[in-house]
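Student: Heads up: the sequence lines are chains F and Z, in that order.
Plus 62 on top of the position in the first sequence (first one is 1) and you've got this note's numbering.
Plus 90 on top of the position in the second sequence (first one is 1) and you've got this note's numbering.
Treat the hints with care, as some may be off.
A few chain Z residues that face chain F, going by a derived Cβ cut-off under 10 Å, partial list only [stated by the list, open to error]:
1) 183
2) 345
3) 510
Listing some non-contacts, in silico: residues in chain F with all C-beta distances to chain Z over 12 Å [as the list claims (entries may be wrong)]:
4) 90
5) 128
6) 129
7) 138
8) 187
9) 198
Quick caveat, the hints were computed from the structure, so don't treat them as lab data.
The structure displayed is predicted, hence computed values, not measured ones.
Even glycine gets a Cβ: it sits at the ideal position worked out from N, Cα and C.
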Amino acid sequence: MAGLQYTLNRMVLMIPTFLLVMIIIFLLVRLLPGDPAIAIAGDKASDADIAAIRDRLGLTAPLWTQFWLFLTNTLQGDLGRSILMRAPVLDVILARLPTTIFLAVYAVSLSILIAGPLAFLAAVNRGKWQDNLIRAVFQVGLSMPVFYIGLVLLTFLAAQLRLFPVGGYGETFVDRLYHLFLPAVTVALYTSAILMRNLRAAIIEVLDAEYVQFARAKGLPSRLILGRHVLKNALISTITLLGLSIGQLMSGTLVTETVFAVPGVGRLMLEAIFARDYPLIQGLTLTFAVLVSLVFLMTDLFQSWLDPRMRLS
Amino acid sequence: MKAAALAIGLAMSTALGAYTIGTADAVERGGTLNFARYDGSKLVDPIYADRNPDIWMVGSLFSTLLEPNADGTDLVGSLAESYEVSAGGKTISLVLREGAKFSDGSPVTGEDVVFSLERARNPDLGPWAGLLSAISSVAADGRNITITLENPDPALLSMLATFNTAIVSKKAFDAAPGATDQEKSAALFAKGGPGVGSGPFFLSGFEQGTSMTFSANPHYWKQGEDGKPLPYLDKVEFQIIPDDATRVLKLTAGEVDVAEFIPFSRVAELDADPAINMNLYPSTRIIYSPINTRETRADGSPNPLADKRVRQAINYATNKDALIGLVLQGAGKPMSSPVMSSSTRLAVDMSPLYGYDMDKAKALIAEAGLEPGTEITLTTLAGSADDGTIFAALQQMWAPLGITLVAEQVDGATRGAKNRSGEFDIHTYGWVDDVADPSQVTGWLGYYPTRKAVGTGWNNADFNVLYEASSSEMDPEKRADQYRQMQEIYAEAAPLLFMYETPFAVAVSGKVSGYLQTPLGNNVFENVSLGQ
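In isolation and in its complexed conformation, chain F is listed as follows (with noise of 0.2 Å):
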């Protein structure tokens, strides 16, 4: 009952987190500068021209009314046209989401699988060469920029040892899965680095803790010691520090979908923002942050489930 009343109390707050992210992606697309209109028109387009263009997408009007406008098509599910794509907003984003939720939960599972086996391996071996490889290692993954680290898997991996194709998307989830693997693994190469670092220390921690060293005075198995004890409770704050590079990494699929050529939203962001289609904008920032607070969500209620005292407080 503690856990439903929890989750509920949760929804209730994300509303007005939409609502504060609507004023901001309104007021932020706004500040740019740079006028829409000539963006839209072009350069060779006559003074007119524009000043029609203004008039047509309602720039012209004052920006409370705009604003209204925005909040209540919005809520009505219509989140207006794409000056760029010529297209409503809606369906020029749902056709591009999936393969940027594809490719966010193909790197997340890689950050996982990455990062969770090695942290367990520097832990109980602390202080040894093992950890400290490990570590070293992570090291310049954190200290390389996203777009080198993808310039240099495709220089070697695609382009010379041909193992992976360059870029694309791919056609069925076999191809997919072979497509995206280099995006996702520079991302989760970037992502596994922090949770690495994280969930190492997190293990180190409670292998240290009482509890801990009673089960083993108890005679517990290892294994049943690290998969029941230690395990769980490392995993609390790691767990926040996922979805908080979840957040993150929606961001960078700005930069990894266009060294890669993934048609994902990512891509379709940064056109939208040189376009100043700010219909697009407003509509992509929404996604994300829809997107993002869901994973928040997520999150919270995993944490819950693993130390039931957070829904107590």
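Take the given structure of chain F and dock chain Z to it, following the hints.
Tutor: Same frame as chain F, but now just chain Z:
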């Protein structure tokens, strides 16, 4: 020196490539050409195409009535097999090609031509209607088309060979969903095919921002070298890859056959690859910088660039060859006409146009009485490596004149807004002709009523009168003379920093023959064939 040698070498390899294409013994038919583009098409409709990625694809899907001949010096029939201009220049009569068909097998009729040209000249529809403003009516009688003009227009025949007058199927438009022309056009393209084309291909696939597919029009009227209908290819698949490095990697990995917009820093490396033909196609693209010529800046302060002598001085102090070496690795040439590329018709070769002469520059600055340490702002595109290089070079080149050049980095939309409002000193800019006539670029750069002479505020009565007169002058010699005078006036006034012309750098796999990018930028696939 090395850069110059490279440029010459590449020019020769391009020329040799063209020769090889022309003398191929046997052309292989079939296959799919994979083409990596820097940006995707949004709507390839003759009248709504307003971005280069759209404009440059129109010709593959829709043919025009006329087209430029092989060397671009004259016009020949395309969907029209013949044409004739009346003595006064106010009537153009054309005869439609017998047997010309759309890709769905239906005939190209006079009704389609009237429909297409009426759309093209409707000012409530596309942005290019102004190019056809001289037309008063279009009529068809069977295969005979009559275009009547309100006043003679020397550019009109060129317009009939331009993308916006390409012929579309009235039947396909009428059947398309949507209440308005815009909705019908968008619906036809968004569906992703099968489109109904009058060109060598028709649209057979489209995913916004991701890919696009053209399939061969089985009813195309042109014949190939083997006596069978063009095109040789079955399909062209376009992939959208905005990142330069990824596009090049795709080509070198063999995943695509053609990669466009190769960064000039990679040209030499790709040219050395035996599996790739690195082509530098001559273009009408010019890179220049508009100079604000108004007496005062937007903030009300005196504008040192209002003085013609200062503008001339910075032009003399700019070493164009050095800029070409730094930015284009030698793959370009200084502008030789002040208002158009050297490949645009009626361009006057005035080279060296403000050849590097620091003594003359210093003398002009002294004569103008410019205070040492005068600050001038160069507005550049944020994130553009080329603009960064241009700024660093100009800062050093102009320092001996006592000019302190400062940079202001903005994005493209902001630069466009500043150009319109006159809130700039100098900013980087570029141009590619959309039509095969000098009127468009000349109007853009110099004719004040068009856009305040590319935002410079330069307003010269003699130039404006000449431009207006040239717009209805049907005598080719008189018109050429008017253009000569306009170029002389413009060069002397120097409302621009005259910089350089750049080619289109396209890397093509060795197995591909016959690909061409025209000086206007149009991608031509009808003669492309794939070898082993």
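Student: Quick one: which hint numbers does this structure break? Sort them smallest to largest.
Tutor: 1
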